[in-house]
Amino acid sequence: MTPTFHIKSLLACSLLGLVACSDQESDFGRPLEQRSHPVELVLLEDGRPDPSVLAPDQVVRRGNGEEPETLDPHHALGVPASHILRDLFEGLTAESPDGEVVPGAALRWNISRDARTYTFYLRRDMTWSNGDPLNAEDFVYSLQRALDPATASSAARILLPIQNAREVLAGELPVEELGFSLLDEFTMQITLTGPTPYFLGLLASPVAYPVNRKNVEEFGDQFSKAGKLVSNGAYVLKDWKPRVSIELEKNPNYREAGQVLMEQVFYIPSEDSSTEVKQFRSGELDWTYEVPNNQFKWLQRHYPEELVTSPWMGSYFLGFNLTQEPFIDNPSLRMALILAIDRQIITEKVTQFGEKPSYALVPPGIDGYVPFSPEYADWTQEERDHEARKLYEQAGYSEENPLRIEIRFNTSDNNKKIALAIASMWKQTLGVAVTLVNEEFRVFLQNREQKVITQVFRAGWISDYNDPYSFLELFRTGHGRNDYGYSNPSFDALLDEVGTERVRARRERLMFEAERVLMSDHVIVPVFTYVTKRLVNPRLKGWQNNVMDHHPSRFMFMLKSRDPDVQGEQQ
Amino acid sequence: MRQEGVLRHATTRLLGLVPTLLILITIAFFLIRMAPGGPFDGEKVLPPEIRANLDANYHLDEPLLQQYFRYLGQIITGDFGPSFQYKDWTVNELIAQGFPVSATIGGLAMLVAFVLGTLIGTLAALRQNSAVDYSVMGVAMLGISIPNFVVAPLLILVVAVYAGWLPAGGWDWSWQRMVLPVITLALPVIAYIARLTRGSMIEVLHSNYIRTARAKGLPEFLVIRRHALKPAILPVISYMGPATAALITGSVVIERIYSIPGLGSYFVQGALNRDYTLVMGVVVFYGVVIVVLNFIVDLLYAWLNPRIRYDTT
Chain C
5 MTPTFHIKSL
15 LACSLLGLVA
25 CSDQESDFGR
35 PLEQRSHPVE
45 LVLLEDGRPD
55 PSVLAPDQVV
65 RRGNGEEPET
75 LDPHHALGVP
85 ASHILRDLFE
95 GLTAESPDGE
105 VVPGAALRWN
115 ISRDARTYTF
125 YLRRDMTWSN
135 GDPLNAEDFV
145 YSLQRALDPA
155 TASSAARILL
165 PIQNAREVLA
175 GELPVEELGF
185 SLLDEFTMQI
195 TLTGPTPYFL
205 GLLASPVAYP
215 VNRKNVEEFG
225 DQFSKAGKLV
235 SNGAYVLKDW
245 KPRVSIELEK
255 NPNYREAGQV
265 LMEQVFYIPS
275 EDSSTEVKQF
285 RSGELDWTYE
295 VPNNQFKWLQ
305 RHYPEELVTS
315 PWMGSYFLGF
325 NLTQEPFIDN
335 PSLRMALILA
345 IDRQIITEKV
355 TQFGEKPSYA
365 LVPPGIDGYV
375 PFSPEYADWT
385 QEERDHEARK
395 LYEQAGYSEE
405 NPLRIEIRFN
415 TSDNNKKIAL
425 AIASMWKQTL
435 GVAVTLVNEE
445 FRVFLQNREQ
455 KVITQVFRAG
465 WISDYNDPYS
475 FLELFRTGHG
485 RNDYGYSNPS
495 FDALLDEVGT
505 ERVRARRERL
515 MFEAERVLMS
525 DHVIVPVFTY
535 VTKRLVNPRL
545 KGWQNNVMDH
555 HPSRFMFMLK
565 SRDPDVQGEQ
575 Q
Chain E
58 MRQEGVLRHA
68 TTRLLGLVPT
78 LLILITIAFF
88 LIRMAPGGPF
98 DGEKVLPPEI
108 RANLDANYHL
118 DEPLLQQYFR
128 YLGQIITGDF
138 GPSFQYKDWT
148 VNELIAQGFP
158 VSATIGGLAM
168 LVAFVLGTLI
178 GTLAALRQNS
188 AVDYSVMGVA
198 MLGISIPNFV
208 VAPLLILVVA
218 VYAGWLPAGG
228 WDWSWQRMVL
238 PVITLALPVI
248 AYIARLTRGS
258 MIEVLHSNYI
268 RTARAKGLPE
278 FLVIRRHALK
288 PAILPVISYM
298 GPATAALITG
308 SVVIERIYSI
318 PGLGSYFVQG
328 ALNRDYTLVM
338 GVVVFYGVVI
348 VVLNFIVDLL
358 YAWLNPRIRY
368 DTT
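If you read the protein sequences in the order shown, they are chains C and E.
Using the working numbering, read the first sequence as starting at 5 and increasing by one per residue.
Using the working numbering, read the second sequence as starting at 58 and increasing by one per residue.
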């Protein structure tokens with residue numbers, strides 16, 4: 005019963021994945037029905053595309069949002085930095101193009117019966133980009149560095165499931181007391197505080213990447229600069245001009261360098277998504293970080309082949325402040341407000357990017373979890389409005405005595421549009437008088453946290469890891485982001501059980517039950533679940549949509565022409 | 058006598074820089090600390106243990122006054138400290154990388170604006186109330202009124218996306234990437250300088266010594282060049298001090314729209330992210346640039362206008 009990974013089948017999946025997946029829905033990132041002619045690439049037996057269809061220069065220019073805050077993997081939290089670091093480094097585990105966890109530096113692993121101890125067997129032939137050998141000792145050193153209070157890393161919170169991590173971060177125990185043990189040069193064990201089914205996924209995130217000890221000790225804070233950084237991933241850092249570009253070059257010492265087709269990767273930061281779109285249109289980018297919300301219709305008409313949208317593991321919702329009037333002890337009023345929103349209109353007319361209307365907390369597609377769906381999800385909007393009006397009156401409000409509330413959000417066009425739509429729906433259906441209040445981000449966060457002047461506020465969550473627990477734990481009594489003032493002992497008890505349950509199916513049932521309890525307490529107004537949206541050069545292949553929105557460049561390749569059919573390769 | 062006066066004036070002004078900057082630093086330091094939230098606040102809350110380590114690492118756990126004096130001691134040595142947001146860089150490095158970019162674009166824009174602005178302004182003044190005057194000044198008015206966040210995307214769309222002559226954005230020190238931002242920055246300044254020049258040129262042209270010069274039979278070109286131009290651009294010069302300071306320290310709008318790695322964004326991003334050290338570094342740097350430029354303007358003034366003397370006798 006021990007879930008040992010069989011490397012053969014995994015390798016087959018990651019290498020032949022290109023063939024196997026070429027007729028699946030997610031091939032090349034675009035659903036089939038959106039493609040005029042299904043394009044199928046002919047791949048050779050080893051899973052690589054025929055060299056004759058490849059562009060002579062394998063270079064990709066990826067728009068990458070804001071300037072990354074750091075390239076020290078142990079400090080990186082932001083999405084832009086993580087994209088780059090996934091190319092530069094490789095953890096014990098890695099991700100396939102579709103976001104599945106696959107062996108990285110570890111060839112295979114065993115998980116103990118109590119699901120708390122992981123034994124990793126590392127590959128024996130690995131080296132750093134400077135040629136130094138890479139072994140389990142490097143990983144122990146690096147994980148210790150990430151959790152060392154002297155490193156002062158905010159990303160270290162991702163590693164909290166590791167035994168004694170909290171005590172070490174608090175300075176109560178030395179780093180040697182962390183749950184790591186070195187069995188031999190290529191075998192190491194990691195012990196956790198409790199079962200953590202998403203732990204293998206966490207090991208693929210930057211904070212768990214290895215750094216080269218000599219490199220760090222030689223250059224200190226400066227080690228992550230171009231010309232100094234030693235890495236173990238498919239690429240090395242060639243040049244870093246802040247806010248201009250970050251250039252990566254294929255790492256010949258990478259364990260699978262022979263499989264990597266993309267020779268050169270440019271990450272181009274951009275602070276303005278409309279500029280990014282213009283750069284894409286004038287051919288300066290092959291891949292945008294995002295596209296502006298208000299350009300969907302236009303892009304869909306003019307760039308149907310390039311525009312790619314796909315579900316993302318995030319939810320957009322509003323929160324109620326349960327500690328203040330009018331929402332304290334008033335579930336029927338909260339339910340009335342939840343019901344009186346036409347989510348179809350919000351996603352189709354306001355946000356417009358194929359977001360999915362949402363009736364619960366956890367977005368669909370997260371690690372196989374099927375989110376809770378409340379009864380009203382199957383009603384028509386008229387039925388919901390009818391019920392909403394009934395509840396609204398029950399709560400003691402009427403036309404003469406309307407509810408007056410504020411919706412508070414951090415300043416952004418999108419938040420404003422959504423708040424405006426919701427306000428007018430509440431007004432129309434129930435007669436609620438809504439005031440919109442927008443605040444600068446950190447002011448907004450502080451007000452949320454203090455729970456004094458907030459009533460209804462913009463909330464939402466984009467998960468760090470592929471597990472519903474990331475969403476549910478926000479509502480635990482005393483959680484730092486529980487700005488709702490929600491506290492339900494039976495919900496907390498369920499989460500405690502989730503934390504110790506090692507049988508996957510049972511754990512999923514517990515999480516489902518917790519989500520049901522939460523939704524029946526009417527703490528949030530679900531609105532929609534997020535999608536990722538970007539423009540991609542149709543010649544760029546090898547990547548796939550996934551709910552994490554992780555797209556390592558090492559799987560990508562650039563075709564010679566837009567349509568491989570032209571090559572006469574096939575149909 | 059005059060030399061000495063200028064020198065003394067220069068020393069006084071430069072010494073005046075110290076208290077000015079000290080006041081600036083003090084106000085800026087406490088203002089940014091008063092803003093709600095801190096550099097490590099985000100939607101994702103940090104566990105208290107990690108928060109404590111970060112605060113200790115950046116000395117944020119010390120009393121505010123102690124932090125203030127620590128900061129003063131630090132910047133006396135010219136060290137602005139590490140950036141909170143861009144963890145791999147010090148504020149000094151960021152300014153050293155951003156300022157040359159902003160200064161190049163801003164300086165070029167100022168040069169273009171000065172040459173074109175005075176030219177257009179003089180032309181309009183010579184043909185006062187003619188069709189040339191009205192059309193030139195009308196265009197200038199438009200230049201002032203249309204904000205650069207409208208001009209910039211339009212220019213990109215037409216020149217970069219449709220025509221494909223120039224890149225849409227980004228930076229690599231090539232002239233192709235400078236053209237559009239320089240034009241965008243220069244447009245309102247050209248218009249403003251043209252209006253200033255026109256106004257004062259008309260005034261100068263009506264003065265007695267110009268009448269004398271013309272009566273002597275000097276050709277009109279020489280009258281303008283030798284006698285009218287210098288006094289007429291005095292108001293332009295005094296406008297140029299602060300205007301140049303504003304241009305060369307970077308415009309956040311231009312930088313965002315053209316993806317230029319200048320100084321302007323650091324100021325705004327630094328404030329929004331509560332990147333205390335970065336905001337302070339940029340503020341102090343701005344302060345120095347503005348004081349120095351105003352000082353240069355003063356010197357230019359003395360050279361251009363014989364009526365101004367810095368000796369006190």
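Worth flagging that the hints you see were computed from the coordinates, not collected in a lab.
A hint or two may mislead.
As the list claims (entries may be wrong) - Stretch by stretch, here's where chain E covers chain C in the computed footprint (C-beta under 8 Å, at least three residues):
id: 1; region: 219-229
id: 2; region: 353-359
id: 3; region: 395-404
As the list claims (entries may be wrong) - Listed next, the in silico DSSO-like pairs over lysine-lysine satisfying Cα-Cα at most 30 Å (straight line):
id: 4; chain 1: C; residue 1: K229; chain 2: E; residue 2: K287
id: 5; chain 1: C; residue 1: K245; chain 2: E; residue 2: K287
id: 6; chain 1: C; residue 1: K360; chain 2: C; residue 2: K431
id: 7; chain 1: C; residue 1: K218; chain 2: E; residue 2: K144
What the hints assert, rightly or not - Some chain E residues near chain C, calculated using beta-carbon distances under 8 Å:
id: 8; residue: G94
id: 9; residue: A217
id: 10; residue: P224
Glycine is no exception: its CB is placed at the ideal position from the N, C-alpha and C atoms.
Here is how each hint holds up against the structure:
1. A count of 4 residues in the region 219-229 of chain C with a Cβ less than 8 Å from any Cβ of chain E is obtained; the coverage claim is therefore met, three being the minimum.
2. Remark: the region 353-359 of chain C is not confirmed as covered by chain E, as 0 of its residues place a Cβ nearer than 8 Å to a Cβ of that chain, below the required three.
3. Counting residues of the region 395-404 of chain C whose CB lies closer than 8 Å to any CB of chain E gives 0, which falls below the minimum of 3, so the coverage claim is violated.
4. Among the hinted pairs, C/K229 with E/K287 is inconsistent with the structure: their alpha-carbon atoms are about 51 Å apart, more than 30 Å.
5. This hinted pair does not check out: C/K245 and E/K287 have alpha carbons roughly 43 Å apart, beyond 30 Å.
6. Straight-line distance between C-alpha atoms of C/K360 and C/K431 comes to about 24 Å, which keeps the hinted pair within the 30 Å bound.
7. For a cut-off of 30 Å, the pair hint linking C/K218 to E/K144 stands: about 20 Å separates their Cα positions.
8. Given the 8 Å rule on beta carbons, the hint for E/G94 holds: about 3 Å separates it from the nearest Cβ of chain C.
9. Interface hint status for E/A217: upheld, as the beta-carbon distance to the closest one in chain C is roughly 5 Å, under 8 Å.
10. Proximity of E/P224 to chain C holds as hinted, the smallest CB-CB distance being about 6 Å (cut-off 8 Å).
Violated hints, listed in ascending order, are 2, 3, 4, 5; each of the other numbered hints is respected by the structure.
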